[in-house]
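Asks: Chains as they are written, first to last, in my numbering: chain Z, 5 to 296; chain S, 5 to 296; chain X, 5 to 296; chain Y, 5 to 296.
Hints listed in this document are in silico derivations from the structure and should not be mistaken for laboratory results. Wrong hints could be hidden among the right ones.
Derived SDA-like pairs (lysine to any residue); straight-line CA-CA distance at most 20 angstroms [claimed, not checked]: (1) Y/K23 to X/I94; (2) X/K74 to X/I94; (3) S/K260 to Z/R20; (4) S/K23 to Z/R20.
Label pairs and their computed distance ranges (CB to CB) [as the list claims (entries may be wrong)]: (5) X/H53 to Z/I94: 51 to 59 angstroms; (6) Z/F270 to S/L184: 44 to 52 angstroms; (7) X/T183 to S/P149: 57 to 65 angstroms.
Note that the coordinates shown come from a computational prediction; the quantities given were computed from them, not determined experimentally. The beta-carbon is built from N, C-alpha and C at its ideal position, and this holds for glycine as well.
There are 4 protein chains.
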Amino acid sequence: VPSKLGPHSYGKSRIRLTKVKRLPDRHELVELTVNITLHGAPFRRSYTHGDNTGLIATDSMRNTVYVLAKDHPIDSPDAFALHLAEHFVITYPHVQSAHVGIEQHGWRRIEVGGAPHPTAFASAGNEVRRAGASVSRDGHFPRLPSGFPASLTAGLDNLLVLKTTDSAFTGFVRDEYTTLPETTDRILATNVAAGWTYNHPRLDFNAAFDRARATLLTTFANHKSLAVQQTLYDMGDAVLAADPDVFDIHIRMPNKHRVPFNFEPFNKEFANDVYITTDEPSGEISASIQRE
Amino acid sequence: VPSKLGPHSYGKSRIRLTKVKRLPDRHELVELTVNITLHGAPFRRSYTHGDNTGLIATDSMRNTVYVLAKDHPIDSPDAFALHLAEHFVITYPHVQSAHVGIEQHGWRRIEVGGAPHPTAFASAGNEVRRAGASVSRDGHFPRLPSGFPASLTAGLDNLLVLKTTDSAFTGFVRDEYTTLPETTDRILATNVAAGWTYNHPRLDFNAAFDRARATLLTTFANHKSLAVQQTLYDMGDAVLAADPDVFDIHIRMPNKHRVPFNFEPFNKEFANDVYITTDEPSGEISASIQRE
Amino acid sequence: VPSKLGPHSYGKSRIRLTKVKRLPDRHELVELTVNITLHGAPFRRSYTHGDNTGLIATDSMRNTVYVLAKDHPIDSPDAFALHLAEHFVITYPHVQSAHVGIEQHGWRRIEVGGAPHPTAFASAGNEVRRAGASVSRDGHFPRLPSGFPASLTAGLDNLLVLKTTDSAFTGFVRDEYTTLPETTDRILATNVAAGWTYNHPRLDFNAAFDRARATLLTTFANHKSLAVQQTLYDMGDAVLAADPDVFDIHIRMPNKHRVPFNFEPFNKEFANDVYITTDEPSGEISASIQRE
Amino acid sequence: VPSKLGPHSYGKSRIRLTKVKRLPDRHELVELTVNITLHGAPFRRSYTHGDNTGLIATDSMRNTVYVLAKDHPIDSPDAFALHLAEHFVITYPHVQSAHVGIEQHGWRRIEVGGAPHPTAFASAGNEVRRAGASVSRDGHFPRLPSGFPASLTAGLDNLLVLKTTDSAFTGFVRDEYTTLPETTDRILATNVAAGWTYNHPRLDFNAAFDRARATLLTTFANHKSLAVQQTLYDMGDAVLAADPDVFDIHIRMPNKHRVPFNFEPFNKEFANDVYITTDEPSGEISASIQRE
């Protein structure tokens, strides 16, 4: 059959790593999930001929993550992602580009007697910080000291937020399929996923992440929302305004509806007080916000 | 066939409720998942004869939760559970006992400019606070003002904690099935589930819960662990010591292993630094700790 | 603090095993998840003193599962559970009793050209077959050839079934909290979990399981249901009638509601045709059915 | 801040529908999860100005699914997706394009006495059939009778398959990061996700889906695999060869490793018999296969 190989990728996903940094007065704890994807011309023949010459086993990618984690400080997931991606391009001349995506799982120090404990931690929840690094053999991205061009993304996922007021939804189409009443005061709950790209790979990744996250949260909290779309746009716009190093941002904000309970059969009135929590169906709102 | 009905129960689970309390200067947010179980002789005939006389539809239980939530302050999940359970016993003379279990999902105020926002919240994570109330028509439990005996439980689930040191595991059986080395310094990570019973239903539920949770965390953090079992026991023991209103406690602490990465093939040495995060298999440790 | 250790247990959960049996003309595939719990007086001191003398590391339990799986035929999960539980009681004189619970994950042969393939398989879905064996040092259960008493349970979980008719729900309490209309024809959908005990450990486990499962399914399909409770009872009753080796059975059947879509605003009529699929809230119905 | 709206979309996800078709001799059961996305210039102003003029509420999209499901036969998810997408473009002149994605959840008739029951069903498992339809106001795709161009995709997800032999993995890079031994006989287990596009929207969707699925399964089962990549490629190639109506196909096959148990410490030998079942980390292999 006259078929051909189109876009393809291979790699290793869900490599889970815990690293403890043993400082004199306290330990630091880092927990990451790493995903690696490699591209390169020789990998085509695994698909087309079952010829694995040049193929780096995904098990070896996994080993590499743990081995490199030993000597790298992992001060930020971004720096470690960059280090890993660069490693693959430097080590294997036939690797055209490497992408490393990292999820960092948050831990907070347990408070004991009002003070943070030096070696005991509790999970900070489901929210995930993301970092992504792509290093190529050539291309138009800013170059690393090693000479290879690199592009960087960062983001967060599962940031579950809710505002109890300052959210309206009016003016939409009313026709034979419409039963939703207009409202000038509803709950807005959403599970924010945001991803942004940096203009270059030389920045204080933790400061940039903290700034973006704080800006997203502050804008969400203070927003007088006329639509989830508007809130989303203003959140993205605020991140671009807050940090010139952020090139663009993509945000997804599914609308996790809180449905007013119908008190009519019970001779009571809904007073923006008691809602049914639902997961589905959910509104799906997403957009990229870019610099002009 | 000569068969008979043994122990049975019916009710409604996963009733999800969001309540907003609109105070002058801020809103308060409560999110609960409610489970209800009713017992009573007439319910037997639904099983044995399909005769639903006296059966309270589980859909009506659901309605009841939302209707009662409107007028109840829900200052604590415990108080609301008690209120709901009592409601069923008072309202339906043929209900012998009612059990209400509530999970409270935590929300924290979003910080804006260093101050907690009055109407915007972020999820506090996966951890769940539990409250359970059983109200019976008769029995030996302490009685409510209404005259009905009530028993109360409280607890938490999904409290994911980790300590990077002060955990040893030595002295266990070494035989032909043993490959685990002894260790005097390992990571101890676990997902604590704890449930305790109160001696009576007249206490400050939030203060009691906070005390128990803080005691569990502090003991976990400070413990010099010779076995997960020992840490678990001492955590339960500390809760009993801290609060005479707690009658007994049950704790489950699955061992979420962090496995030392084997650096041998790479000519490096494991230095309690780089671990493989795993979910399975997991050690399963649980126990009740009781007063003498 | 004058506290004491109450009921406690320890063991290993989620030990996942794939075994291939290489027969001359085909391979057989078995996939199990094994959970092990051990009891014994010496284990108390791990809790109370951090003294692990006599403790069998849960990691060694894991090793034992794989090592014993090599030589055991694993013709049924029940036989392997029994073998494992007996192993722990025989091998360790201080083990008072051992419980092994096994979930078997189903695989079907892929059909190629109308014939089952000898070495390729597709998952049979989420449904899980369960087997449980408890072997004690003493007790009143029937004894194994080794002389140790044993008790056996079996069951299934995640058997998701739905009938489109022959399900009514009428005659229940109508009061101020009731909005659910009576119906003589609704969808009944449920996720059956059933567990039963055997009278003795010497039976054809696969035949007994297949008989119980087929009986549950047939009774569910043919039942003229007046309540989920009644369907559940009749399903359990039928299993007891079909197999004298089954001592009793416990069934849980959460009501996974299909809610009639309200066509009124659209000038159409619901004709038992279009339903909203929901997961929550769900009715919770469970019962044990026993021999007289 | 000089920012602008980039690519954006909005819609409703996870609309869950159960439809019963009441034929004289039996019922037919269809269960779908529907996702809808609409595009159009007026929707921009919701983002940029909170102006919802022209916005079709996602709640109205949900209503539309149920209302249209009543009169449509839903003989295939593809036909219903096309019908829904076309509806939005026809009904709302300002909608530029509509995309509808449907997941169909399989149900099999329960066998009673060897015959399929007319009104009782059991879940066919986790595997999901997918259909996607995009209808635009203009574009180069083949046109529907209504004159609107349409593009169609189909696929499946969660097709969990395993072959116990005929899978090798040799010849890959051996360097300082490599510990994986070469093997000429291993288990290959994967959770296939495949999506393909059709050349035009006028075909027997069910026959085309069944042909593609059977071809994927047959090729997987019979393949002498030198790499997961090769098996994937040959599966896609076979689908293109089997159906000229399929334009291209994308397949993702994560490698769900079965890891040989290390019997060395136990003086036994691994004989391709006992494996550890793992979920993570997993190899990630994906590719598009296209016509020349």
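Asks: Hints first: check each against the structure and report whether it holds.
Replies: Taking the hints in turn, this is what the structure says about them:
{"no.": "1", "hint": "Y/K23 to X/I94", "in the structure": "violated, 56 angstroms"}
{"no.": "2", "hint": "X/K74 to X/I94", "in the structure": "holds, 19 angstroms"}
{"no.": "3", "hint": "S/K260 to Z/R20", "in the structure": "holds, 13 angstroms"}
{"no.": "4", "hint": "S/K23 to Z/R20", "in the structure": "violated, 38 angstroms"}
{"no.": "5", "hint": "X/H53 to Z/I94: 51 to 59 angstroms", "in the structure": "holds, 54 angstroms"}
{"no.": "6", "hint": "Z/F270 to S/L184: 44 to 52 angstroms", "in the structure": "violated, 60 angstroms"}
{"no.": "7", "hint": "X/T183 to S/P149: 57 to 65 angstroms", "in the structure": "violated, 31 angstroms"}
Violation of the numbered hints given earlier is confined to hints 1, 4, 6 and 7; the remaining hints are satisfied by the structure.
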